[in-house]
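Undergrad: Keeping their order, the protein sequence lines are chains A and B. Just so you know, the first sequence maps onto residues -19 to 183 in my numbering. Just so you know, the second sequence maps onto residues -16 to 142 in my numbering.
Because the hints were derived from the structure by calculation, they are not lab data. Careful, some of the hints might be misleading.
[What the hints assert, rightly or not] Selected chain B positions facing chain A (in silico; Cβ < 7 Å):
#1 V(-10)
#2 F(-8)
#3 H23
#4 T31
#5 D35
#6 S37
#7 G45
#8 A54
#9 D91
#10 T94
#11 L97
[Stated by the list, open to error] Which bits of chain B does chain A cover? Going by a derived footprint, with three or more residues having C-beta under 8 Å, they are:
#12 62 to 76
#13 105 to 115
Just so you know, even glycine gets a beta-carbon here, dropped at the ideal spot from N, CA and C.
Spelled out from the first residue to the last, the chains are:
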Amino acid sequence: MSAINYASKEIYFKIVYYGPGMCGKTSNLQYVHKAVPQDNKGDLVSLATDQDRTLFFDFLPVEALQVHGFTTKFQLYTVPGQVYYNATRRLVLRGVDGIVFVADSQWNKMKENVESFRNLEENLAEYEYSFDEIPYVLQYNKRDLPVIAPVEYLEYVLNRRAMRVSSFESVATEGTGVFDTLNRISKLVLHQLNQEMEARSRT
Amino acid sequence: MAGYSLVLFEQDVEQINVALDVFLRETDAKCVLVLDKGGHLLAVRGVTDAMDASSLSALAAGAFASTREIARLIGEPEFSVLFHQGRREHIHVSLVDEERLLMAIFDDRTTIGLIRLYAKDTEEEIARLFGEIRRQRDRGARALKDLNQGTAETPFPPS
């Protein structure tokens, strides 16, 4: 959960990039790391296998604009996408404030997308979190590849809860859509914290 | 239930720092950190110049979470201590309460025995302080009203 520190004037949020194996979660973080100015980021830490597949998580701390004199610090994590790493995926979700679900737009990845989304819901439930409380956005990645599903179809398959969420087309390796996605989820978690603080100040 | 955000005021941080300073004085550890199990750094004291405390917290929380799963697999509810011995630097991570961890980094100027001894006292004191903070969780929101209105459309503007 987010933490507000009045002594250091900092607010921390944890954002997790979730999705099936090889959908582009790490590519999102790599692009953010490349694009954010040096003073506003830490190192990109990757716990990966020899084949560059995420083994545990990637981690990137980045600072956003100040809000009311507070520095907002976003800690970006990815999870390992491969099915058999579910235990580690669940661990990374602990204390999450916002989620980016990265879907692979290729037709032959639809089943994996749906299964990963369902797996996310199950893993959130382990912490008694749900999509009603945790802000999330969808990112339809790999829009530059030739055999991809239209956005309408991806929306039909993945964005079908009563409350539709924001979704973004992306080519993460080139940076297209990466910051649109990050800015949207950042706004949503800030808004969520604001709502919580208002509710707390009323009690 | 997604849980409550943690709000730390100046006086909370001061009290936590006092407890951490006592630990450093008694043990001669290089530095000591309080982090939550989600990987957020909550407080740090001591010499940290060459260290990236944020990454350290994220990785230590990950390592601790991973050993917890290992514990479950062998029928233990949780391991309460994690110790990594290096050639010169060593790390001791221990459980403070349900949500938080204490991490000490030390070298051969002190001993693991001394670290364990004083870590226990410090864990109890930190747990007590966070218990107080949790009991008063309805405070806050002092300067954070209209947080979203105060934010630009793009928290991460293009460089």
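Undergrad: Next step is simple, just say for each hint if it's right about the structure.
TA: Against the structure, the hints:
1. V(-10): Check passed: Cβ of V(-10) of chain B comes within 5 Å of chain A, closer than 7 Å.
2. F(-8): OK, holds: F(-8) of chain B within 7 Å of chain A, min 5 Å.
3. H23: holds (5 Å)
4. T31: violated (13 Å)
5. D35: Holds, because the Cβ-Cβ distance from D35 of chain B to chain A comes to roughly 6 Å (cut-off 7 Å).
6. S37: Holds - the Cβ of S37 of chain B comes within 7 Å of chain A, reaching about 4 Å at its closest.
7. G45: With a closest approach of 6 Å, the G45 of chain B hint holds.
8. A54: This hint is violated: A54 of chain B lies away from chain A, its Cβ roughly 12 Å from the closest one there, beyond 7 Å.
9. D91: violated (27 Å)
10. T94: violated (30 Å)
11. L97: Constraint on L97 of chain B not satisfied, violated at 29 Å.
12. 62 to 76: Coverage by chain A is violated here, the residue count being 0 at a Cβ distance below 8 Å.
13. 105 to 115: Answer violated; 0 residues pass the 8 Å Cβ test.
In this structure, the hints that do not hold are numbers 4, 8, 9, 10, 11, 12, 13, in rising order.
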